[in-house]
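Chains B, C, D and E with the ligands: place on chain A using the hints.
One-letter residues, chain by chain:
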Amino acid sequence: AARAQLTVYAAASLTDVFPKIDPAERYSFGGSNALAAQIQQGAPADVFAAANTTLPAQLFARGLCSKPVVFTRNTLVVVVPAANPAGIRSVFDLSKEGVKLVIAGPGVPVGSYTLQVLKQMNLATAVLKNVVSRETDVREVLAKVALGEADAGFVYSTDARAVPGKVKTIKVPAWAEPKVQYGICLVSAGGNKAGGQAFVNRLLSKAGQAKLIAAGFLPRMKPKR
Amino acid sequence: MRRSLLAFAYVAAALLALAFLLLPILAIFAHSSPARLVQQLSNPVVTDALEVSLKTSVLAQLLIVLLGTPAAYLLASRRFPGHALAVTLVELPLVLPPAVAGIGLLAAFGHFGLLGSSLHAVGITLPFTQSAVTIAVAYVASPLYIRQAIAAFEATDAQLAAASRTLGAGPARTFFRVVLPLARGGLIAGLALSFARGIGEFGATIMFAGSLQGVTQTFSLAIYAEFARNFDATLAMSGVLVLFSIVLLVALRIGLTWQRSSSTGSPSLFGLTSSS
Amino acid sequence: MRRSLLAFAYVAAALLALAFLLLPILAIFAHSSPARLVQQLSNPVVTDALEVSLKTSVLAQLLIVLLGTPAAYLLASRRFPGHALAVTLVELPLVLPPAVAGIGLLAAFGHFGLLGSSLHAVGITLPFTQSAVTIAVAYVASPLYIRQAIAAFEATDAQLAAASRTLGAGPARTFFRVVLPLARGGLIAGLALSFARGIGEFGATIMFAGSLQGVTQTFSLAIYAEFARNFDATLAMSGVLVLFSIVLLVALRIGLTWQRSSSTGSPSLFGLTSSS
Amino acid sequence: MATLLLDRITVALRSYELELSLEVGSTLALVGPSGAGKTTVLRAVAGLVRPRAGRIAVDDDVWFDGPRGVDVPAERRRIGLVFQEYALFPHMTVRQNIEYARKHGADDYLERFRIAHLERARPAQLSGGEKQRVALARALAREPQVLLLDEPLSALDAHTKTAVRAELHDLLSTLDIPVLLVTHDFEDAAALADTVGVIVDGKLRQTGTPSGLVAQPADSFVASFTGANLLHGDAEPGPESTRVRLDDGSVVATADPAHGRVVLAVYPWDVTVASEPPHDSALNVIHAPVRSIAELGNRVRIAIGPVTAEITAESLRRLALVAGRPAFATFKATGTRVVAEHEDR
Amino acid sequence: MATLLLDRITVALRSYELELSLEVGSTLALVGPSGAGKTTVLRAVAGLVRPRAGRIAVDDDVWFDGPRGVDVPAERRRIGLVFQEYALFPHMTVRQNIEYARKHGADDYLERFRIAHLERARPAQLSGGEKQRVALARALAREPQVLLLDEPLSALDAHTKTAVRAELHDLLSTLDIPVLLVTHDFEDAAALADTVGVIVDGKLRQTGTPSGLVAQPADSFVASFTGANLLHGDAEPGPESTRVRLDDGSVVATADPAHGRVVLAVYPWDVTVASEPPHDSALNVIHAPVRSIAELGNRVRIAIGPVTAEITAESLRRLALVAGRPAFATFKATGTRVVAEHEDR
Ligand SMILES: Nc1ncnc2c1ncn2[C@@H]1O[C@H](COP(=O)(O)OP(=O)(O)OP(=O)(O)O)[C@@H](O)[C@H]1O
Ligand SMILES: Nc1ncnc2c1ncn2[C@@H]1O[C@H](COP(=O)(O)OP(=O)(O)OP(=O)(O)O)[C@@H](O)[C@H]1O
Ligand SMILES: [Mg+2]
Ligand SMILES: [Mg+2]
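Residue numbers (the working numbering), protein chains in the order written: chain A, 339 to 563; chain B, 5 to 280; chain C, 5 to 280; chain D, 19 to 363; chain E, 19 to 363.
Pulled out of the complex, with its shape left as it was, chain A reads as follows:
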């Protein structure tokens, strides 16, 4: 008999890579904060993989999941439509008059990272006035830019690869880059602890890490310089 399928709740940015690492499981991708809220409401997940470490840590503090571990990292970038109608070349251009910027909502990890960057660069007021929508997860942000509805958006560099040819990426200056760490934990209510642990192990394994890196993610530990 086939082993019991795992139920994995994972951040939207993991949509493409998780099925490549383990195609056998059931996934629910979405904003990490929405998934955390569902877990708090008793959603029968086995594993929770978030785009930050705070959300799993909060669940851990409430006894809803095991102690989280970091399993990968990512970088924040700005994407613009391939045609780049607003002529954006850098993060600073986002404060130009009339730019239509979409970001993720408050509480969504990528949304928090975005605010962090803007504050760091002292652009918060100037850029936030150009925000036209706050989406519920990072993939929604990407979609609005890829469709050309928005002029720019903040997403992870891995997301930009999902729509090759449709968007261009613009890097965030290294000094302003946030620390994007993905935490994973086993949900206490989940029925399949062993399977969950095996899934986490698979991610942390060499093969798992390799697939993550191939998808554009960063190694889970910053390489020591």
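Treat the hints loosely; a few may be bogus.
Computed footprint of chain A on chain C; a stretch qualifies when at least three of its residues, placed anywhere within it, have a C-beta under 8 Å from a C-beta of chain A [claimed, not checked]:
id	segment
1	32-43
2	205-216
Computed cross-link-like contacts, DSSO-like style, restricted to lysine-lysine with a CA-CA straight-line distance of at most 27 Å [said to hold, decoys possible]:
id	chain 1	residue 1	chain 2	residue 2
3	A	K405	A	K358
4	D	K179	E	K179
5	A	K560	A	K509
6	D	K179	E	K221
7	D	K221	E	K179
8	B	K59	A	K467
Honestly, the hints are just simulated from the structure, not real lab data.
In this text, all values refer to a predicted model and were calculated from it rather than measured experimentally.
By construction, the Cβ of each residue, glycine as well, lies at the ideal position given by its N, Cα and C atoms.
For chains B, C, D and E with the ligands alone, coordinates are given in the frame of chain A:
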């Protein structure tokens, strides 16, 4: 014996159905105290969402009434080739998943949509604006009004319109003084339903208009966003909307009753159901 | 002169309304070729979603019919204290924003809900399971069936039921051989509407059941999820749903027409509208 | 023949309380204005409405007994009820309608009511007379102990009505069960029933044979319902006859004793018309313009002032009356009846 | 008085084509069975239905002329139409209903039709007769050139009908515009109109005075519509009179010449009843059991075999007839009319 068993099973099923419908509403209030409900009214997310919802809904309903009333009257009073098709068309948004409606609106009025570039050329951009919310709401809610309006117009006695003509009134006077007052109850009922549907709109709005506090974030979108942050606040916001819905339904029922009793002399408390 | 202007304005408004409703649907098809529609049918996200949607919808409609029919018959045929309240209650989910309905369901059946802990104690967990989808769909779609069923039962001639009694038939035989066949058209129409509404369900499902591919991710949720990954796939999926909706509406219309003409001898192509 | 007995049954209605006792032997017609409670009586007998009190029985079978708490459900009372609009099941064929009441032997009834050729038709495809035959066949297929007919002729054209009425009369005369029929038309009642009961506002005003009601109407309502002219005035007993000063000033005599405010009933066929003043001073005379002349076959109805006279077509020709010109309407003092005033709703 | 002229107007209806010409002077009543097209004629005159061809005019005002393409819209034809169910505006008071047709001077009409005390009432609160008065007042408030009445009495109780009919007759006699009224009841038509037209399946069968129609019915339909017995049989010319062998075997004579399959019309008042065989061998005799006896005031209708006779109550008493026992119905050969067979739908 067999008989009372049947009667029992049937009453039991009916009660179960009512309990099932009632429970979630009771639960919302069980979880949120009146104090919390009131407190929510000073939360800027809530007040902004309320403002956006009301503003766009009122505009959308205006649009629906102004365009939908002539359409409904045409469909109710004339038979022409393609009539059945037109009625089907009018009802389509009712059975269309809102997310699909949102996709459709993007495909029609979006940046690269059918009309998008022409609109863009004349300087109109719809997505991410409050107008987009209005359009999404109008699109999704219109069938509820138009259906009811068609039924209301069809139910008005054609003899009365004919009588008006024979008394020297032209089509316009006949419409405004006879047909419209007679259909009024049904039109109001339809409007209330479509208003309620508009307030609840979610899928089409988030796809076509996005979600920005104070601009495009409607009450429904706000509830969804808050759910991921603060369940208790969400409960309180839901409580506000439940109260609003109840008020709307009761107003609708009283309005219809009043309308009916004043025009036919037979008061009825069961207006909505029997008229629809 | 004034007269033709008025007539013109009125036809123009009606045409504008129809165009507005038609455009998004045309746009979906303009963007997705038939080949792409077919191709989508082998995408596992699509097939999973289809399976989930059909399974939960069929169960939900079964629930609605089994509990809603007795409730509707009770409300249509009896007058009792609290009748108006019960009818209002039955209609409430219709005017309740789906997101609020989802919150209500969580508050009632969720982990911390009114009934949640009792259910948990007996080993039943509802939220975020396929049962939750069924419940959400049943909750949100039921008023469409029940409303129409009440109207259908009210429209059946009470004399005929009385005649049945005087001919020696008890209540059960009267219901199944006389009342039900006479109301059948309305019941089928109501079921079709509620089925369509159920397929389109979004807000309540995502709140109460989440979006887990193959388990709780319905077609509507899948469209929303795929929208972020692959707009073209979304368009194709939307096309599938539009076609489905049209088929449903047309079937409904033909069914009603057939039903009506076979029972009253007066064929009509405008069944849905005039009966509702 | 069995007897249907209604003993002081009481039903609370919207604006009044129905209360009556009735004994139905062969055929009894209940007549009365719209809203009088006629249908309610039938529904009570059928068990479709529950009286507040009273007793309903057919010979020894008690169907309802208020004090004893007996209330046999409708489907277990063996009655045949023909509804006002026939209430045929629209989704069933003629045959299925009859088989609904009787599983076996529907053929007999199809034959007997001459509807065998219609057995596959649905009610919507039938004419009024055919519908009625189907409804009767269905009601009798149960072999009821009592037949109840609600306005059996009102759904018919004036034109087909006469033929159907004759047919119905033939049928009723072959049945040997009590028949209670309801109508708002005195002519129909007189044509179909041996006994007629007049019901107004839920109370039985008078019961009797059709000619008995015409001869001795109990009050002004019964009088006008059976076709009489009503003349209002003040009575004063005179030496030989009572003298009544009508409200228009003219004075007429009546053989009935009376005093004070009265209503006189005069039937049109007791009024004769003349173009000259009559010589007989014993006659009552109304001298007024002719309001209208209506010919109905060989009879002519002529309205002169407050009275309508019915004369033959020949008389009319002889008289050469012209509408608008004065004429004389005369009637005997013995042709008038003083009736009690009835407060119309 | 003006004249309303319908010249070969043609209207395509569901199952046949209406086609007729009509000239309405004072008051013309159109009678016919349900679905004959009566209402359609009124609607065509009012401009509510557009004929396929023909011409409608009141004196020199042409309202419709097919060939010339004239079609005056309904609101510009000065007609007063009283609908079958009155079609009062339910959301307006009585006064507002009248003011809808006439801004100023509604008071006159409220007075004239004795509805001033009802001016604030809504139609739902009115009785049938009151509704009719309001509908008439509203129709006449426009000062129409033509008055059209659709079944003005059919919404009324049998009981109130007589009074309202007399009232309506009085009103019509004071109007000096053409009145076209429609009814399915020959009695009503005869009571209200000078001329009666019989319409069946959209075609005018016969036009004439009420008594003219009775005297010379054009076909079996008109005969039965005006109240005649119809006897079917085969005719054979005889030396003095035509002999007709009826379908039941008996033989009767008629003064009208005929040959082959015929229908004989005999009016009930031309039939006398006897309990003994009559001595006069010149009379037609039907010997059959009495099917029914119905007393209506001073008249009695007796069905004997295929014929119904109308005799007086006195005669009945003299005859001592019993239902079910045989009796003799006799009528003169000159009292019968050979009429054309009409194929009923
Ligand atoms: N279920 C009911 N409850 C209360 N009042 C009722 C009910 N049904 C009928 N009535 C009222 O009772 C009165 C008598 O009604 P019913 O139908 O018996 O009259 P009817 O004599 O048959 O009149 P018609 O000739 O119009 O058929 C009416 O005033 C009616 O409004
Ligand atoms: N708009 C229409 N189109 C086609 N056929 C129609 C239309 N209106 C009525 N008819 C049909 O025309 C015929 C005549 O209808 P009409 O209403 O004139 O009859 P009527 O003589 O007034 O009958 P009634 O006595 O029942 O009122 C009927 O068979 C009817 O079904
Ligand atoms: Mg009745
Ligand atoms: Mg008509």
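So, going through the hints one by one against the coordinates:
Note: the segment 32-43 of chain C has 0 residues with beta-carbon separation from chain A under 8 Å; the three-residue rule is not met and the coverage is violated. Counting residues of the segment 205-216 of chain C whose CB lies closer than 8 Å to any CB of chain A gives 3, which reaches the minimum of 3, so the coverage claim holds. Simply put, A/K405 and A/K358 have alpha-carbon atoms about 25 Å apart, close enough for the 27 Å limit, and the pair holds. With a C-alpha separation of about 17 Å, the suggested pair D/K179 and E/K179 falls inside the 27 Å cut-off, and the hint holds.
The straight-line distance between the Cα atoms of A/K560 and A/K509 is roughly 19 Å, inside the 27 Å bound, and the hint therefore holds. Between D/K179 and E/K221 the CA atoms are separated by roughly 22 Å; this keeps the pair inside 27 Å, and the hint holds. Of the supplied pair hints, the one linking D/K221 and E/K179 holds, its CA atoms being roughly 22 Å apart against a limit of 27 Å. Taking the CA atoms of B/K59 and A/K467, the gap is about 22 Å. The hint holds against a cut of 27 Å.
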